[in-house]
Amino acid sequence: MDLLSDLATPVVMGIMLGGLYAVIALGLSLVFGVIKEINIAHGDLVILGSYFGYVAMTVFGIDPILSLVIGMPILFGIGFAIQKYLLNRAFKISMDATLIIAFGLSLILQNVYQLIWTPMARGLTTPYALESFSAGPIHVPLVYLLDFLAAILVMLFLQQFLKRTYLGRAIRAAAQDRKTAHLMGINTDRVYAYTFAISMALAAVAGIFLGLTFSFTPISGMSFLIIALGVVVLGGMGSIVGTFVGGIAFGLAQTLGGYFFGVAAQMLVAYVMVLVVLAVIPRGIFGR
Amino acid sequence: MKVKIPRPRGLLTPLIAVVVVLALFPVIGVSRSWILYLFLFFIYLSMANMWNLLAGYSGLVSLCPAAFIGLAGYTLAIGTWFDLPWYLGVIAGGLVAAVFAALVSFPVFRLKGIYFAIGTLVLPEVLRFVFTIWAPIGEPVYGGGAGYTVKGIADVSGSHTYWLALAIAAASIFLMRYVLRSKLGSGLAAIRDNESTAASSGVNVFNLKLSSFVIAAFITGIAGAIFYVYQGFIEPMSAFSVRWLVIIMLATVIGGEGTEEGPVLGSIVVVVLYFLLARYAEISLIIQGSILVGIMLLAPQGIMGFIRKTRPYLYLLELATRRRGKSS
Chain A
579 MDLLSDLATP VVMGIMLGGL YAVIALGLSL VFGVIKEINI AHGDLVILGS YFGYVAMTVF
639 GIDPILSLVI GMPILFGIGF AIQKYLLNRA FKISMDATLI IAFGLSLILQ NVYQLIWTPM
699 ARGLTTPYAL ESFSAGPIHV PLVYLLDFLA AILVMLFLQQ FLKRTYLGRA IRAAAQDRKT
759 AHLMGINTDR VYAYTFAISM ALAAVAGIFL GLTFSFTPIS GMSFLIIALG VVVLGGMGSI
819 VGTFVGGIAF GLAQTLGGYF FGVAAQMLVA YVMVLVVLAV IPRGIFGR
Chain B
1159 MKVKIPRPRG LLTPLIAVVV VLALFPVIGV SRSWILYLFL FFIYLSMANM WNLLAGYSGL
1219 VSLCPAAFIG LAGYTLAIGT WFDLPWYLGV IAGGLVAAVF AALVSFPVFR LKGIYFAIGT
1279 LVLPEVLRFV FTIWAPIGEP VYGGGAGYTV KGIADVSGSH TYWLALAIAA ASIFLMRYVL
1339 RSKLGSGLAA IRDNESTAAS SGVNVFNLKL SSFVIAAFIT GIAGAIFYVY QGFIEPMSAF
1399 SVRWLVIIML ATVIGGEGTE EGPVLGSIVV VVLYFLLARY AEISLIIQGS ILVGIMLLAP
1459 QGIMGFIRKT RPYLYLLELA TRRRGKSS
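Line by line, the protein sequences are chains A and B.
The first sequence begins at 579 in my numbering and counts up by one.
The second sequence begins at 1159 in my numbering and counts up by one.
These are calculated hints, taken from the structure and not from any lab test.
The reader is advised that the hints may include incorrect statements.
No farther apart than 27 Å at their CA atoms in a straight line, the calculated lysine-lysine pairs in the BS3-like style are these [unchecked claim]: (1) A/K614 to B/K1270; (2) A/K741 to A/K662; (3) A/K614 to A/K741; (4) A/K614 to A/K757; (5) A/K614 to A/K670; (6) A/K670 to B/K1467; (7) B/K1270 to B/K1341; (8) B/K1467 to A/K757; (9) A/K757 to A/K741; (10) A/K662 to A/K757; (11) B/K1309 to A/K670; (12) A/K662 to A/K614.
Please work from the sequences and hints to get the whole structure.
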């Protein structure tokens, strides 16, 4: 009984943290599912979202979550440009080319952040960032709950968007079969650019909630990319539900690993789980 | 996309001559800074050659050279704490990296293409956590995040590490020549171009991938261990850092992925960049990133791909192959 009530907090925290990881991984998963490219710069673009929230908060005094109203369109535009002018061209050269170009982009972004915001760790410390709530034996920081709610909202929104709108259907068509979609009169290059742009808008959301939950530095992008890859690999590439489940599995592995083996080993436990899942079911839990 | 280009054969004698001349450099009193440039060039060249073997010739875009380098470096450093002589530590480092490659090959080779890249990207990260926590000896001052010094290298001079680096670079070049002209090389090329066709033509896909992965891990590991003999100190953040991947990828991509001469040219560019950029340290990543993006968009085959299209090269190639063609 004692163990159960002790475990309640890490389990709830793991699930909620999993929501955050799912939002971070969602854009990556979407781009992979549709364009079949791994965006190695995804983590750094998420961090761009965090820095945007940081500027909105410290310079203009806007609440980070409210700043998304401006932040999402900006990142949407940046994403559209990246795919249209860089990756769409790389895509035609070879698979490795997109990987290497995204890697180059990631290096450039890290350096730019360092120049503008210095290597110091930053965080989005809002008045509500430090509050927590309790329910019986469970004590959870408020931002974790916000992470989880944001995850569910974003997930539902994306699903409905892909299901109901014309662009959403075009994206799914291009994901299933690029050539056929092209023959049906879909401008696949533009659909790809929109897909990447949507992935960047998701990265803006992820960046804000990441900044509320953790502190970040110019080079944090790489570690969050690896977490996101782990999540996507767990859940299966290109599946929204899979990404959500993968995120929760990763979050749980981290908090429970921390509970049983100490905080220093928590990420190790999560990564080892990813490797084991890769070895047993290479295409993930919901993979096709 | 891949165009078959006749390779110049022979050229073994000039290669050996170059190696001998380079080996004489420390003896004839070449300046210390040049020895250092060349040392780094040899280390990067061996690693880039092995990355090229995987990415350019086997279709395995591995993102984990840092795992081999870090593991080998740690084997060397911890070995010397247990009174292992450093030269045995270097070999042990290569062996541990190779064994590690063989062990992880079972999960990661189930992954195809891009999944393989992801699987390998996770490996250095996992190892970094392991070595940040694990401290087999020397606590509390050493081990964990603090890292280890390499012991028993007081009498090892810059010339010694230079010769070692030269030896491993030369070995990696000869190995590439040998592997690419062997049955293993043709099998790997078949896998790269179309894995299922290769498998149905009787190519043992798993075994060939495993051999190239283990060979690459061994040589990369040895080169990494030699680097740590020179540096004399290892800690987990830099040992498993993504920086290694940046250097190796730059060297291969700039020179030309999937060409034998590519890594040589690319490594020269990388070493020159490294010392040029020391003055502009704050924007060095922007420059390196832009080079990667630019090369990939404008000349995806790198410098060698560009040179190979020019007239003088084709002329020289024709001369070389015609003469060889008669004798064989």
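* Do the alpha carbons of A/K757 and A/K741 lie within 27 Å of each other, as the hint requires? -> 21 Å, holds
* **Given hint A/K741 paired with A/K614 - CA-CA distance at most 27 Å** => 20 Å, holds
* Given hint A/K662 paired with A/K741 - CA-CA distance at most 27 Å -> 24 Å, holds
* **Hint consistency between A/K662 and A/K757 [alpha-carbon to alpha-carbon, up to 27 Å]** => 18 Å, holds
* Does the structure keep A/K670 and B/K1467 at a Cα separation of 27 Å or less? -> 20 Å, holds
* Below or equal to 27 Å on CA atoms is what counts here, so check A/K614 against A/K670. => Between A/K614 and A/K670 the Cα gap is close to 12 Å, so the pair holds against 27 Å.
* Taking 27 Å as the top limit, are the C-alpha atoms of A/K614 and B/K1270 close enough? -> With Cα atoms ~13 Å apart, A/K614 and B/K1270 stay inside 27 Å; holds.
* To do: Verify the proposed pairing of B/K1467 with A/K757, using a straight-line Cα cut of 27 Å.
  => Given pair B/K1467, A/K757 is violated - Cα atoms ~32 Å apart, limit 27 Å.
* 27 Å limit on alpha-carbon distance, applied to hinted pair B/K1270 and B/K1341 -> Cα-Cα ~22 Å, so holds.
* Taking only the CA atoms, is the gap from A/K614 to A/K757 under or equal to 27 Å? -> 14 Å, holds
* **Hint consistency between B/K1309 and A/K670 [alpha-carbon to alpha-carbon, up to 27 Å]** => 51 Å, violated
* Straight-line Cα separation of A/K662 and A/K614 no greater than 27 Å? -> Roughly 15 Å separates the two Cα atoms, so the pair holds.
Violated hints for the displayed structure, listed by number in ascending order: 8 and 11.
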